[in-house]
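Enquirer: So the sequence lines, in the order shown, correspond to chains X and F. Using my numbering, you'd call the opening residue of the first sequence number 1 and step up by one each time. Using my numbering, you'd call the opening residue of the second sequence number 1001 and step up by one each time.
Calculated from the structure, these hints are not laboratory results. One or more of the hints may lead you astray.
With a straight-line cut-off of 20 Å between C-alpha atoms, the simulated SDA-like cross-links for lysine to any residue are [what the hints assert, rightly or not]:
1. F:K1063 <-> X:H63
2. F:K1185 <-> X:K31
3. F:K1185 <-> X:F91
4. F:K1185 <-> X:R130
5. F:K1219 <-> F:E1005
6. X:K192 <-> F:M1189
7. X:K33 <-> F:N1213
8. X:K31 <-> F:T1211
9. F:K1193 <-> X:V193
10. F:K1219 <-> F:I1146
11. X:K129 <-> F:K1229
12. X:K33 <-> F:L1012
13. F:K1063 <-> F:D1007
14. X:K33 <-> F:I1141
15. F:K1193 <-> F:T1211
16. F:K1185 <-> X:I137
17. F:K1193 <-> F:K1229
18. F:K1229 <-> F:F1085
19. F:K1136 <-> F:L1012
20. X:K33 <-> F:A1204
21. F:K1219 <-> F:L1074
Spelled out, the chains give:
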Amino acid sequence: MVHISDGILSPGIWISGYVITIVILAFTLRKMKTEDIPRLSVITAAIFVASLIHIPVGPTSAHFLLNGLAGVTLGVFAYPCIFIAIVLQSFLFQHGGITTIGINTVNTGVPALIAYAIFRLGTRKDIHKRAGIFGAIAGGVAVTISVLFLSIELVTTGEVFENIAIIIASAHIPIIIIEAIATGTIAAFFVKVKPEILEGYKGVKR
Amino acid sequence: MEYIEIDEYHHLMSPIHQWDPRAKIVSILTLIFSVVLLYDLELAALGLIFAVILLLISKIPLKFVMWHLRWVVLFILPFFLIMPFAVLEGDITVNPEGFEYAFLILIKAISAVILIFPMIGTMRFNSTAKALERLKIPNKIVQMIIFTYRYIFVFIDEFSDISRSLDSRGFRRRTNMHTIRTLGKAIGMLFVKSYERSERVYNAMCSRGYTGNLKTFDKFEMMRNDWVKMFIVMGMAIGLHLLHFIYFMEMI
């Protein structure tokens, strides 16, 4: 649900979404090296596929967002990767909108960067013991901020959207919990199985 | 797992298929933005008609498009159920403006999705990528789009293998901790596998002379026909807003 369709938000909001996205992209793409591209694309595709997986929540089902996980594994490159995933989702799979690519990237990508900061700071001393717990915090916080962004954007667009914003926000509470547990599990799994996959693992004292 | 690729009908012959990819992307993208920026129901409906006309010219089967439209409708549906009703001092009242607004959103969203098909469904994905590069989209972004797109289908298959092996060991998805942790580890495994695969693939590509530049046999050349088509579609995009302007002037 964090992918908002065309025609809902006011132009001021989605245009500023593009501006913010282009600025962050320009900054992160400069840091990216050509030899990083295959690795980053592969992880982007894996995140894309993983976010299609459904989990039953009572009578309905939810799917993963995994922007926290993107932040934990990709670091600052999470932003361009999420941008690519959202472009593909809107053009090739018709999920989300085209005018909203910028703002959708902000809603998903900025929380991913925050998740990376949390994970990096939290696991600086002992990544083996703390990967699980800080992965969980990063995952939960990322989804919470995403939903917060979306609700704020809906409410600023018009009062008519107030009810929808409240419903969307409350529907995401179970997803925040699921996402936290899953991201924690996956982060702990990576530290055990293949730590070099984590961007934050480099330069950490072992 | 079942999936349909967007360029499944690239082999058809139509005026839109024969349009220069760069002009096609720029023109139709302009039309999409133009329609989304409309705020009158009548003009949005006209935009939808333009979208359907372009779709019909492109000869892409309607059934294929409908199958993709269901996501958009699913997303907009809650707006219809919630927006017309406003809660005033504990009483629920019906608000016709809310209904009209929801309808406007639906029309704009559907038009945008329909226009995607004539835009990129009428050429091979490689041509789209090449056109993006020619349109000065940064090379790193174009490369990432190509790689990611190819890998998505590989990983859908890979994950369905993982999923099947979980099922065969008696795993059932329920609302509990065990399900989330198991799926979490399955996703972790997908990442590890894909990470190792990317290293192998990248080394293989380098040894075959990959430098990061795209090499395709597509030749792009703007002919008179391409300019005419661009003029027509751009005309639609600008015309919608001119109409809005005229409409607005008459009101005063």
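Enquirer: None of the hints should be skipped; say for each whether it holds.
Expert: Results for each hint:
1. Between the alpha carbons of K1063 (chain F) and H63 (chain X) the distance comes to roughly 27 Å, so the proposed pair goes past 20 Å and is violated.
2. As the CA atoms of K1185 (chain F) and K31 (chain X) are separated by approximately 31 Å, the hinted pair breaks the 20 Å bound.
3. Between K1185 (chain F) and F91 (chain X) the CA atoms are separated by roughly 30 Å; this puts the pair beyond 20 Å, and the hint is violated.
4. As the CA atoms of K1185 (chain F) and R130 (chain X) are separated by approximately 17 Å, the hinted pair is consistent with the 20 Å bound.
5. In summary, the hint linking K1219 (chain F) to E1005 (chain F) is not supported, as the alpha carbons are separated by about 23 Å, beyond the 20 Å threshold.
6. Restraint check for K192 (chain X) and M1189 (chain F): satisfied, since their Cα atoms lie roughly 12 Å apart, inside the 20 Å limit.
7. Restraint check for K33 (chain X) and N1213 (chain F): the C-alpha separation of about 14 Å stays at or below 20 Å, so the hint holds.
8. Between K31 (chain X) and T1211 (chain F), the direct Cα distance comes to roughly 18 Å. Compliance with the 20 Å bound is thereby established for this hinted pair.
9. The straight-line distance between the Cα atoms of K1193 (chain F) and V193 (chain X) is roughly 11 Å, inside the 20 Å bound, and the hint therefore holds.
10. Using a Cα cut-off of 20 Å, the hinted pair K1219 (chain F) and I1146 (chain F) holds, with the two alpha carbons roughly 19 Å apart.
11. With a C-alpha separation of about 62 Å, the suggested pairing of K129 (chain X) with K1229 (chain F) is violated against the 20 Å cut-off.
12. As the CA atoms of K33 (chain X) and L1012 (chain F) are separated by approximately 39 Å, the hinted pair breaks the 20 Å bound.
13. At roughly 15 Å between alpha-carbon atoms, K1063 (chain F) and D1007 (chain F) fall within 20 Å of each other, so this suggested pair holds.
14. Straight-line distance between C-alpha atoms of K33 (chain X) and I1141 (chain F) comes to about 12 Å, which keeps the hinted pair within the 20 Å bound.
15. Pair hint K1193 (chain F) plus T1211 (chain F) does not hold up; C-alpha atoms about 25 Å apart against a cutoff of 20 Å.
16. Taken as a hint, the K1185 (chain F) and I137 (chain X) pair is honoured in the structure, with Cα atoms around 17 Å apart against an allowance of 20 Å.
17. The hinted pair formed by K1193 (chain F) and K1229 (chain F) fails the criterion: a straight-line CA distance of about 46 Å is larger than 20 Å.
18. A distance of roughly 44 Å separates the Cα atoms of K1229 (chain F) and F1085 (chain F); the hinted pair therefore is violated under the 20 Å criterion.
19. For the hint pairing K1136 (chain F) with L1012 (chain F), the CA-to-CA distance comes to about 28 Å; that exceeds 20 Å, so the pair is violated.
20. A distance of roughly 18 Å separates the Cα atoms of K33 (chain X) and A1204 (chain F); the hinted pair therefore holds under the 20 Å criterion.
21. Of the supplied pair hints, the one linking K1219 (chain F) and L1074 (chain F) is violated, its CA atoms being roughly 40 Å apart against a limit of 20 Å.
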